[in-house]
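These protein sequence lines are chains L and B, in that order. When the count follows my numbering, it moves up by one through the first sequence with no breaks and lands on 262 for the last residue. When the count follows my numbering, it moves up by one through the second sequence with no breaks and lands on 415 for the last residue.
Simulated from the structure, these hints should not be mistaken for laboratory data. For each residue, glycine too, the CB sits at the ideal point set by N, CA and C.
Reference listing, derived: stretches of chain L covered by chain B, where coverage requires no fewer than 3 residues with Cβ under 8 Å from a Cβ of chain B:
{"#": "1", "stretch": "118 to 126"}
{"#": "2", "stretch": "141 to 149"}
Examples of chain B residues toward chain L, derived with CB under 10 Å:
{"#": "3", "residue": "G36"}
{"#": "4", "residue": "Y38"}
{"#": "5", "residue": "P40"}
{"#": "6", "residue": "L43"}
{"#": "7", "residue": "E45"}
{"#": "8", "residue": "S186"}
{"#": "9", "residue": "D191"}
{"#": "10", "residue": "I193"}
{"#": "11", "residue": "R198"}
{"#": "12", "residue": "E205"}
{"#": "13", "residue": "V301"}
{"#": "14", "residue": "M306"}
{"#": "15", "residue": "Q311"}
Here are some chain L residues the structure puts well away from chain B; computed CB gaps all over 12 Å:
{"#": "16", "residue": "S79"}
{"#": "17", "residue": "T84"}
{"#": "18", "residue": "R129"}
{"#": "19", "residue": "P174"}
{"#": "20", "residue": "S212"}
{"#": "21", "residue": "Q259"}
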Amino acid sequence: MQNNSRSDDPIGKKFRELGNRAEGVIVAYLMGHDPDPKAFMANSVSLIEGGADILEVGIPFSDPVADGPVIQAAGTRALSAGATPRKIIDTVGELSSQYTTPFVILTYYNPILAMGIEQFMKNASDNGVNGVVVPDLPMEEGDRFRDTALKHNIDSILLAAPNTSEKRLAGILEKSRGFVYLVSLYGVTGPRDTLSPQALETVKKVKSLAKGVIPISAGFGISQPQHVSSLLRAGADGAIVGSALVRTVAEHLDDPREAPYYLKKTITALKQASKQPGC
Amino acid sequence: MKSLTRLGSADGAGKFGKYGGQYVPETLMEPLKTLADAYRHFSRDPSFKKELANWLEHYAGRPTPIYFAGRLTDNAGGAKIYLKREDLLHGGAHKINNTLGQALLAKKMGKRRVIAETGAGQHGVATAMACVALGLAAEIYMGSEDMERQRLNVYRMKMLGARVHPVDSGSKTLKDAINEALRDWVTNVEDTYYLLGSVVGPHPYPTMVRDFQSVIGKEARRQILKQEGKLPRSVVACVGGGSNSIGIFHGFLNDADVNLYGVEAGGHDMSRGKHAAPLVAGREGVLHGMMTYVLQNAEGQIESTESISAGLDYPAVGPEHSYLMSIGRTKYVTQTDMDALHAFNQLSQLEGIMPALEPAHAISYATKLAKTLEKEDSIIVNLSGRGDKDVDRIAKQFPQ
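The following block holds chain L by itself, in its conformation from the complex (with noise of 0.2 Å):
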């Protein structure tokens, strides 16, 4: 398929292999540090081992707006914890050494502005961050950090919205590179119980402009194996599954090393389901 990410490119790979067995990918975002570094770490490992076939880590910003409660309380136990983008892209590093599992890094635009755009990306590029995702960088605003991602072969990943116009979302499929983010619902980050009713159109939609040239996976949300079925089955090519699995994080604070027991037991469902999706 003619595909706009580079051969190369981990995350398209990621997508093409899968895609090829029929099989969607799934994308497993924890908060980077969150709760500390050492249960991140044993947190993600459970992760990538129980099937997540891409690891998206957040590095937490004070005024997140795209997020719901439960990221938003991920990201302050993560900044209570000392994280810094800094030491959140050395984690990422440490794991990419052991892990082929491609790594995205999900933040806002203004830890990414204070760090340098050209810095954050030689770092991230030499820790193997493979793509970036920055809710709130609209297209219009994003060349210059584009052009910097592409120098450092990071993917720079674009949102699209249930009320993006056909028009923005020619650019933004144009635009996007690895993959295009779906925001499946109205609405901020977090567990819904059911899949919202804008999600499956949106994702058919999408689809069908998208004509093959780049992966679409949908985020916001999902946290059941039936939702990752029925969005595949409606033609996305991946899932991201973030606040289920930072819940899950949350409830066992008390004693952390309980949690990659059912990040494993969660993520292995949810992988289970985008290998049937069923027709």
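Please build the complex by placing chain B on the supplied structure of chain L, with the hints as guidance.
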């Protein structure tokens, strides 16, 4: 200065130089475009302009006078100090200029539900008033710490039929109220109008709110020319988000000989976290959808702020101020909590006018500035709000 004639217009992408823009989640990009288009349309529509002018005159009480503060002037010893009396407006502050404009726009756009953030509560009150008058439902986000220190305004909002949502995240002040309002808007974007209260946020808010507030400067310029026969030497206004200051500055932007001073909250002192002065002590960054000056740490986390006035207690500032500072058209200074309290007492006791603690910062600076100028010079201070809301706080400071 010909180059200044283009001042005050953001470009198509909503940029003032490199400041401003739209740094928001994708879900808000289309609604912002719809808003910018609607605003462009209605701001040129004679019937909209006429309707707004009518509301401003008969409901809000425009025009407001300028008042020569003779005893304050004598006490300071120097240039004549004039006050632009925005405190006399309905609701007690300049905020109503903007809320009437935007509520009218919301109505024309067919929105029924209006959300807003508030710091000191003045914007919340002005939103509640405009919404009641125009038949819209208002919900106001307010930091729980601000609710505590501006309790009177919380009662007023509720009595005016608005729902007030306490915000317990982060520093529990204006910054967090804006975060929460943005989260609400992302969720309810289809039927909700976000009525932002200052010249902050993503485009078109900084331009739109500025336009609605620029009536202050237009009137003030006309009035001072009539009264003094010449332009003032200086114009002074307090800067939190920066709407009252940009509103009065805009009347004088092209008058290169008029010095424009923005007064930020010096808080307790200028050490980290103890003030709210992003233009004086911050650096460039992105917060609440705009590129502007922001108080932040080395890693780009937003710093906590402190000011006796909830309305100035904000770590960022409208992007047009950042731009005007960068080209040297405006100057920014700070005054401390104690300076503001002192000015509150001075104005109360010398002129019988109780200023809100926000413009008390501007009064304080103006009295110092006056001493450095000639007696035939004049200064206009934007008295952006009245002090009733702060009486509790001041009574605690001065029990006698």
